[in-house]
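**Q** Taken in sequence, the protein lines are chains A and B.
Residues in the first sequence are numbered from 618 upward in steps of one, following this note's numbering.
Residues in the second sequence are numbered from 45 upward in steps of one, following this note's numbering.
Wrong hints could be hidden among the right ones.
[Said to hold, decoys possible] Rough simulated footprint, nothing fancy, chain B against chain A, three-plus residues with beta-carbon under 8 Å:
| hint | stretch |
| --- | --- |
| 1 | 625-637 |
| 2 | 649-659 |
| 3 | 684-690 |
[Stated by the list, open to error] Dumping the calculated BS3-like pairs for lysine-lysine here, alpha-carbon to alpha-carbon at most 30 Å:
| hint | chain 1 | residue 1 | chain 2 | residue 2 |
| --- | --- | --- | --- | --- |
| 4 | A | 712 | B | 211 |
| 5 | B | 370 | B | 291 |
| 6 | A | 712 | B | 141 |
| 7 | B | 141 | B | 266 |
| 8 | B | 594 | A | 712 |
| 9 | B | 141 | B | 81 |
| 10 | B | 258 | B | 211 |
| 11 | B | 209 | B | 81 |
| 12 | B | 370 | B | 211 |
[Claimed, not checked] With beta-carbon atoms standing in for the labels, derived distance ranges:
| hint | chain 1 | residue 1 | chain 2 | residue 2 | range |
| --- | --- | --- | --- | --- | --- |
| 13 | B | 324 | A | 671 | 51 to 57 Å |
| 14 | B | 546 | A | 671 | 21 to 27 Å |
| 15 | A | 683 | B | 363 | 50 to 56 Å |
| 16 | B | 288 | A | 674 | 32 to 38 Å |
| 17 | B | 283 | A | 688 | 37 to 43 Å |
| 18 | B | 285 | A | 670 | 32 to 38 Å |
What the hints contain is simulated information worked out from the structure, not anything from laboratory work.
All values derive from a computational prediction rather than experimental measurement.
For glycine and all other residues, C-beta sits at the position ideal for the given N, C-alpha and C.
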Amino acid sequence: MSRAFKPKVVTANDLLSGEAVYQTEADTWSPLHSQAELLTDEADAQLRLLHAQGQPDRVVGPYLADAEPGADGPEPVHFREAFRTRGPSNYAHGKQETAQS
Amino acid sequence: MYRYTDFDDAFLRERNRQFRGQVERRIDGSLTEDEFKPLRLMNGLYLQLHAYMLRVAIPYGTVSSAQMRQLAVIAERWDKGYGHFTTRQNIQFNWPKLRNVPDMLDALAEVGLHAIQTSGNTVRNVTADHFAAAAEDEIEDPRPYAELLRQWSTDHPEFQFLPRKFKIAITGSSNDRAVTKAHDIGLRMVRRGDETGFEVIVGGGLGRTPMIGKVVRDFLPKADLLPYVEAILAVYNLLGRRDNKYKARIKITVHEEGLERIRELVEAEFARIRQAYTGANQALLADIAQSFAPPVWQAKPVAAYEEARRDPVFRAWADTNLTAHKQGDHAIVTISLKAHGATPGDATADQMRVMADLADEYGYGELRISHEQNVVLPHVARADLPALHARLQQAGLGTANIGLLSDIIACPGMDYCALATARSIPVAQEIATRFEELKLEHEIGPLKIKISGCINACGHHHVGHIGILGLDRAGVENYQITLGGDGTEDAAIGERAGPGFAYDEIVPALERLLLAYLDIREGEEETFLMAYRRLGVAPFKAALYPAEAKRDAA
Ligand code: HEM
Ligand code: SF4
Numbered sequence: 618m619s620r621a622f623k624p625k626v627v628t629a630n631d632l633l634s635g636e637a638v639y640q641t642e643a644d645t646w647s648p649l650h651s652q653a654e655l656l657t658d659e660a661d662a663q664l665r666l667l668h669a670q671g672q673p674d675r676v677v678g679p680y681l682a683d684a685e686p687g688a689d690g691p692e693p694v695h696f697r698e699a700f701r702t703r704g705p706s707n708y709a710h711g712k713q714e715t716a717q718s
Numbered sequence: 045m046y047r048y049t050d051f052d053d054a055f056l057r058e059r060n061r062q063f064r065g066q067v068e069r070r071i072d073g074s075l076t077e078d079e080f081k082p083l084r085l086m087n088g089l090y091l092q093l094h095a096y097m098l099r100v101a102i103p104y105g106t107v108s109s110a111q112m113r114q115l116a117v118i119a120e121r122w123d124k125g126y127g128h129f130t131t132r133q134n135i136q137f138n139w140p141k142l143r144n145v146p147d148m149l150d151a152l153a154e155v156g157l158h159a160i161q162t163s164g165n166t167v168r169n170v171t172a173d174h175f176a177a178a179a180e181d182e183i184e185d186p187r188p189y190a191e192l193l194r195q196w197s198t199d200h201p202e203f204q205f206l207p208r209k210f211k212i213a214i215t216g217s218s219n220d221r222a223v224t225k226a227h228d229i230g231l232r233m234v235r236r237g238d239e240t241g242f243e244v245i246v247g248g249g250l251g252r253t254p255m256i257g258k259v260v261r262d263f264l265p266k267a268d269l270l271p272y273v274e275a276i277l278a279v280y281n282l283l284g285r286r287d288n289k290y291k292a293r294i295k296i297t298v299h300e301e302g303l304e305r306i307r308e309l310v311e312a313e314f315a316r317i318r319q320a321y322t323g324a325n326q327a328l329l330a331d332i333a334q335s336f337a338p339p340v341w342q343a344k345p346v347a348a349y350e351e352a353r354r355d356p357v358f359r360a361w362a363d364t365n366l367t368a369h370k371q372g373d374h375a376i377v378t379i380s381l382k383a384h385g386a387t388p389g390d391a392t393a394d395q396m397r398v399m400a401d402l403a404d405e406y407g408y409g410e411l412r413i414s415h416e417q418n419v420v421l422p423h424v425a426r427a428d429l430p431a432l433h434a435r436l437q438q439a440g441l442g443t444a445n446i447g448l449l450s451d452i453i454a455c456p457g458m459d460y461c462a463l464a465t466a467r468s469i470p471v472a473q474e475i476a477t478r479f480e481e482l483k484l485e486h487e488i489g490p491l492k493i494k495i496s497g498c499i500n501a502c503g504h505h506h507v508g509h510i511g512i513l514g515l516d517r518a519g520v521e522n523y524q525i526t527l528g529g530d531g532t533e534d535a536a537i538g539e540r541a542g543p544g545f546a547y548d549e550i551v552p553a554l555e556r557l558l559l560a561y562l563d564i565r566e567g568e569e570e571t572f573l574m575a576y577r578r579l580g581v582a583p584f585k586a587a588l589y590p591a592e593a594k595r596d597a598a
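Put together the whole structure using the sequences plus the hints.
**A** This is the structure in structure tokens:
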């Protein structure tokens, strides 16, 4: 019995700032998880990951992370990925800062 | 204080120039991340969850006021106005931009600091007792030996490709404040008759296989330090397991081969190479020692200090944050970076400047970073303590909690670290806040809580009286408690108490544990660790897991 493929997003860190970024359908990188392209097909996900790996001048360490559809776009599944969408919990730094502006 | 020679300065400048070029080539795409990563790590630059992180070495934890001011400048100009002091006597900047890192390194070099981690499988920065040259119980300042080891091991041709990284810690006192038994080599200065030498401990370490180091030589004359350390490294270089990264540290070599065999081999090697040591290293040591010469002590009457002790706030601080100094009219001041609810080890740029100013005004211009993530003014005249304390309070640095429950070590955990399996900082914050509400920490007395966000154990949880290890259990943060660990000369690895706790259960669990301790201790004199050693794990387990305890009793 093969396991059903869990939907994924392609995520990485921005080369210059180190910030967590997500690959969009329009082939850009967004700081917002909700704007990520949700990949529901395994072969497609691998292709999109390869595509990301071909942009070493833009991002560092791209990988596939589990995600699920939400009201405003894809949402993270694992708590590590949820933290990456916000920033640290001890200060309102990272995306928590930029989100307010 | 030790100053870099012109040679070191030139080396640093050249190294920074090279790294600037490497960063440019990374940004313009001519270096891939695979090519760049080892280069950035060599220069202390990591990529964490939300940003890059720059780790700056503070050799033997000693910083001058000028260096501290420069750290403040860096925090303001290129970070978010603060820095994080760590258990490895480093400072970390959590938000640098890749483009700015070469400028940060140049700014560090201006004051003789650097981010070179001597990364790789080499001898790392030698750590030392943060009370060196000040502690009343000290035999001799260990830092000249640390510096001698640094110079000798840097670029030593034979030891650039050891089986794994190699950490040495040294203390000049029989009370071990440098956790020497949790290092690959620990050196503890001891007396035998009128001679002083080192007790040499080998094979300690934390991480996924924690081990307490074993005494391989109970007395080594000081002059034999380098040939003996070289003999240990040579034996390890030959026997250390290069086939498996998780078995490559010397602790595993010692464990697998047995202490007896290691000792035989080391002694044989030592006997062989010792003749080749001509004594040049002793001349170098004498040179180095001169730059660690103590300041000219200013004698001041201590009456003002005695007078100030009538103020209960001052007295509470003096009782926890001061340590006896070699000079009776001086004291060692530990400045707590653990205000209740704050991030352990963080200091703002303003606080760094205040500490630098206070070091100049009252502390002979010298500061230390402790592995317990606090800052130390090693030499302060007792007469100046009331004024110093007032200034610390104004800057939010007057917390009176050194050695108490809220003086928690916590690694960065999943708020920053890419390797983490759970958060550690907010756990520390919540524990400190809760016990401050309960007003219990002074009653509980000496207690070391240490928290790591994964099995790498950067937060030293194995040697915490109460250790907390954050794990990922099926996609949820889960915290395992260990009890009875100890990082001093009586080092011990803590014992797992039982199943882990969910994030919101961990503070209530500690509350039950410590209330139980208050109930069962024989008196105020019996610390948590002493009670644990007397009673064993059972009563503490019962407090942590009341449902199970009830079931067992039924
Ligand atoms: C965020 C970046 C960090 C990374 C990637 C990292 C990585 C590691 C790894 C992989 C180990 C295990 C080594 C082994 O067992 O062979 C380790 C051990 C250790 N780290 Fe970290 N660490 C980080 C931050 C820190 C911080 C902030 C501190 C100080 C607070 C620290 C202090 C230590 C100590 C004391 C050990 C255990 C000593 C030993 O047995 O080697 N690390 N670290
Ligand atoms: S213990 Fe783990 S989580 Fe904590 S700093 Fe070390 S590697 Fe990161």
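**Q** Give a verdict on every hint.
**A** Each hint tested on the structure:
1. With 7 residues having a Cβ less than 8 Å from any Cβ of chain B, the stretch 625-637 of chain A passes the three-residue criterion, so the hint holds.
2. Proximity of the stretch 649-659 of chain A to chain B, defined as three or more residues with a beta carbon under 8 Å from a beta carbon of that chain, is not established by the 0 residues found.
3. Beta-carbon proximity to chain B at under 8 Å applies to 0 residues in the stretch 684-690 of chain A; the threshold of 3 is not reached and the given coverage is violated.
4. Of the supplied pair hints, the one linking residue 712 (chain A) and residue 211 (chain B) is violated, its CA atoms being roughly 37 Å apart against a limit of 30 Å.
5. Of the supplied pair hints, the one linking residue 370 (chain B) and residue 291 (chain B) is violated, its CA atoms being roughly 42 Å apart against a limit of 30 Å.
6. Distance check on the hinted pair: residue 712 (chain A) and residue 141 (chain B) sit about 15 Å apart at the alpha-carbon level, within 30 Å; holds.
7. With a C-alpha separation of about 45 Å, the suggested pairing of residue 141 (chain B) with residue 266 (chain B) is violated against the 30 Å cut-off.
8. For a cut-off of 30 Å, the pair hint linking residue 594 (chain B) to residue 712 (chain A) is broken: about 46 Å separates their Cα positions.
9. Taking the CA atoms of residue 141 (chain B) and residue 81 (chain B), the gap is near 15 Å; set against the 30 Å cutoff, the hint holds.
10. Only pairs whose Cα atoms come within 30 Å are accepted, and residue 258 (chain B) paired with residue 211 (chain B) is accepted, the gap being roughly 15 Å.
11. For the suggested pair residue 209 (chain B) and residue 81 (chain B), the alpha carbons sit about 18 Å apart, so the restraint of at most 30 Å is met.
12. Straight-line distance between C-alpha atoms of residue 370 (chain B) and residue 211 (chain B) comes to about 29 Å, which keeps the hinted pair within the 30 Å bound.
13. Distance hint for residue 324 (chain B) and residue 671 (chain A): a CB-CB separation of about 55 Å, consistent with the stated range 51 to 57 Å.
14. In this structure the hint that residue 546 (chain B) and residue 671 (chain A) lie 21 to 27 Å apart at CB is violated, the actual value being about 41 Å.
15. The hint said 50 to 56 Å for the Cβ distance between residue 683 (chain A) and residue 363 (chain B), and at roughly 52 Å that hint holds.
16. For the hinted restraint 32 to 38 Å between residue 288 (chain B) and residue 674 (chain A), the CB-CB distance of approximately 36 Å keeps it satisfied.
17. Range check, residue 283 (chain B) to residue 688 (chain A): Cβ separation about 60 Å, and the 37 to 43 Å hint is violated.
18. The supplied range of 32 to 38 Å is met by residue 285 (chain B) and residue 670 (chain A), whose beta-carbon atoms lie about 33 Å from each other.
Violated hints for the displayed structure, listed by number in ascending order: 2, 3, 4, 5, 7, 8, 14, 17.
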